[in-house]
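Each protein sequence line maps, in turn, to chains A and B.
The first sequence begins at 0 in numbering that gives the first Met the number 0 and counts up one residue at a time.
The second sequence begins at 0 in numbering that gives the first Met the number 0 and counts up one residue at a time.
Everything labelled a hint here was simulated from the structure, so no lab data went into it.
Misleading hints may appear alongside valid ones.
Result set (DSS-like, lysine-lysine): computed pairs, CA atoms no more than 27 Å apart in a straight line [what the hints assert, rightly or not]: (1) 179/B x 143/A; (2) 242/A x 143/A; (3) 179/B x 16/A.
Facing chain A, from chain B, some residues (calculated, C-beta under 10 Å) [said to hold, decoys possible]: (4) 33; (5) 72; (6) 96; (7) 102; (8) 152; (9) 184; (10) 189; (11) 193; (12) 196.
Every residue, glycine too, gets a C-beta built ideally from N, C-alpha and C.
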Amino acid sequence: MADHKVSAVEKIEGVGKTAVGFVEAVGNGGILVAESVYWLMFGVRERQPVRIGAVVQQMMEIGINAIPIILMLTGTIGVMLAIQGIHTLRIFGAESRVTIGIAFSVVREFAPLITGILVAGRSGSALAARIGTMKINQEIDALKVMGINPTRFLVVPALVAMLIMVPALTLLGNFMGLFAAGLYVNADLGISLAAYAHDTIDILSLDDLGHGLGKSCIFAVLIAVIGVVNGAGVQGGAEGVGKATTRSVVQAISAIIVTDMLFAFVATR
Amino acid sequence: MRNPESIIEERKSRHRPQTGPNAVIEVEDLVTHYGERMILKGVSMNVLENEIMVIMGGSGSGKSTLLRHLMALEEKTSGTMRILGNDIDQIGRQEFLDVRKKLGVAFQSGALFSSMTVGENIMLPLYEHTDLDALTMEIMARMKLEVVELSGFENLMPSELSGGMIKRAAFARAIVMDPKVLFCDEPSAGLDPVVASALDDLILDMRDAMGMSIVVVTHELDSAFKIADRITILDRGEILMVGTVEEVLASKSERVHALLNRIPEEDTMDPDEYLNRLVGEDNPGTAHL
C-alpha cells in the first residue's frame, strides 16, 4: 500500500517536473528571442555589433547548402500532388482542374512545411550540437570571459540567417514544386506548361504567397530557438550532446506541424 | 611528496617573486550554493599584483567553483568580490565588460573554437574588441604564438594539435589582449611531466615578462610548488590556509599534511547528501548561454 502511495507521489512529481521543465524551456526561448532582438538593435551602441560575416556564413550553411535537397523534395512533393490530384479528380471527370489543388497545396502548405522540416533536421540539429559541444568544451565560458556575449556571437547570426533563408528556400520550393507538378500534368493530361503556368498565376494571390512565407518565418524562429535552448541545456558530455540534438529535431518538427495547423486555422477564419 | 628542503632550494634558484602591494582581486565571505548544497562556505582571499596565486584542494573542495567566481562566471549567494578595484555587484554593464576585457583565461580543455584556425582563435578578442586592421591582428597573433613557442601553427585547426599545444594556444589567446589577470584551470592536467614542466616555465615567464597576476587552479603538487608565490588551500568549501610555499610546507595542520602527502581523508559526508549526489538532485545544471 505504502509502495503504491510512493509510486503515485513520484508520478505526480514527475509530471510536475516535466511541466516546470517545459515552462522553463519556453521562458528561456522567450528570453533568447528578446536578447537577440536587443543585440540586433543595440549591438552597435554596446560596441558589440552583430557581424555580417557570421550571418553570411550561417546563411551558406542553412540555406545555400540545402538547395539541392530542397529542390529534390519539393519537386517530388509537387509530382506526388499532381498524381494524387489527377487520380482523385478523375473520379468526377474534373482532372483538368488539378492545377487549383496543386497551386494552393504547394504554396500555402507543402513548400513551407517540407522546407521547415528539412531545415529543422539539417540545421536545427546542427545548431543544437554545435552549441552543446561548445558548452561542454567550455567554449561558451571562454566567450563570456573574453567579454563576448554568446547570444550576440552565436545565436543572433543563426536566427537572422534562418529568418532570411527559410522563407527564401520556401520560395524556391514553391517554384520547384509547381514546376515539377506542371511537368507531370503536361505529360499526363497534355496541358501545356504555358497554360498550366497561366492557370497557376491566375489562381494564386499574394495572400496565398504571404500565407506560406509568413509561416516559414515562424518556423525559422522556432527552429533556431529550439536548437539553441536544447544545445544550451546539454549536460553529460558527448552523450548529452547526442540526446539534445535528437530532442531538438523532434521538438522542432512537432512545433512546426502544430504551428502549421494553428496558422492554417487562424488564417482561414 | 618530495623532501620540503629540496623544494625550497629549487625554488630559490629560479623563483623571483615580484609581488606588488595592491590586490587585483579581493573576495570577502563568498558563499555559493548548487541547489541545496553549499559549495563555498564564506571564502575570503585576495590576489596581489604580479603574483602567481595557486588554488589547491582535493576533488570536490570547491576550487573550480571558486575559480569560476573569480572569473565572474557564477552567481554567488552572498559575499563581495572586487576585480581590479571594481565591486562586480555595483558596476554597470559596460564597466563589467571593460573589466572582462582585462581578464584572460586558459581553460583545462583549452576551449579553442573548433571551427576556427589557431590564428583565428587568437585574433578573436582583437577582432571583437579593437579597431585594428587585419594585418596588425595577424602580427599580434603571431607574436603571442611566439611567446608560447607555437610559431608557424596559426593556420592549423585545433584538432590538428597535441594536448600540450592546445594548452599553449589557449594561453596565446588568453594573453592576446595583455590582460591584467590570467586564470589557468588545471594547466598541467593530462600532460606528460616534461610538457607539464614546460607549461609551468611558460606561466613563470608570462608573469615576469608581462607583469600580470596569474591565478592557477591545480592539484599537481610539483607544479604548484614550482610556480606559486602564494598558495590557497581549499577543503570542503572552506579555506584551510593561505601562505607561501615555505609556509605551506611548514604547516602543522593535519589536513594540509594529508593533502600534501595524498592521504585519503575519512568519509564524513552526510548520508543524505551522499544519496542526493548519487541521484543527481544537487546538480542544478543550466539551460542558459
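To see whether the hints hold, each was checked on the structure:
For the suggested pair residue 179/B and residue 143/A, the alpha carbons sit about 17 Å apart, so the restraint of at most 27 Å is met. About 25 Å separates the Cα atoms of residue 242/A and residue 143/A, which keeps this hinted pair within 27 Å; it holds. With a C-alpha separation of about 44 Å, the suggested pair residue 179/B and residue 16/A falls outside the 27 Å cut-off, and the hint is violated. Nearest Cβ of chain A to the Cβ of residue 33/B: about 13 Å, over the 10 Å cut. The hint is violated.
Hint status for residue 72/B: holds, given a least beta-carbon distance of 6 Å to chain A, under 10 Å. Look at residue 96/B: its Cβ gets to within about 5 Å of chain A, closer than 10 Å, so that hint holds up. Checking residue 102/B against chain A by beta carbon gives a least distance of about 6 Å; that is within 10 Å, so the hint holds. Below 10 Å, beta-carbon pairs count as interface contacts, and residue 152/B has none with chain A, the closest being about 19 Å; its hint is therefore violated.
Given hint, residue 184/B at the interface with chain A, holds; its Cβ is 8 Å from that chain's nearest Cβ, closer than 10 Å. Taken as an interface hint, residue 189/B does not check out: its beta carbon lies about 14 Å from the nearest beta carbon of chain A, beyond 10 Å. Residue-level restraint check for residue 193/B is violated (minimum Cβ-Cβ distance to chain A is 25 Å; threshold 10 Å). At a threshold of 10 Å, the smallest CB-CB gap from residue 196/B to chain A is about 24 Å, leaving the interface hint violated.
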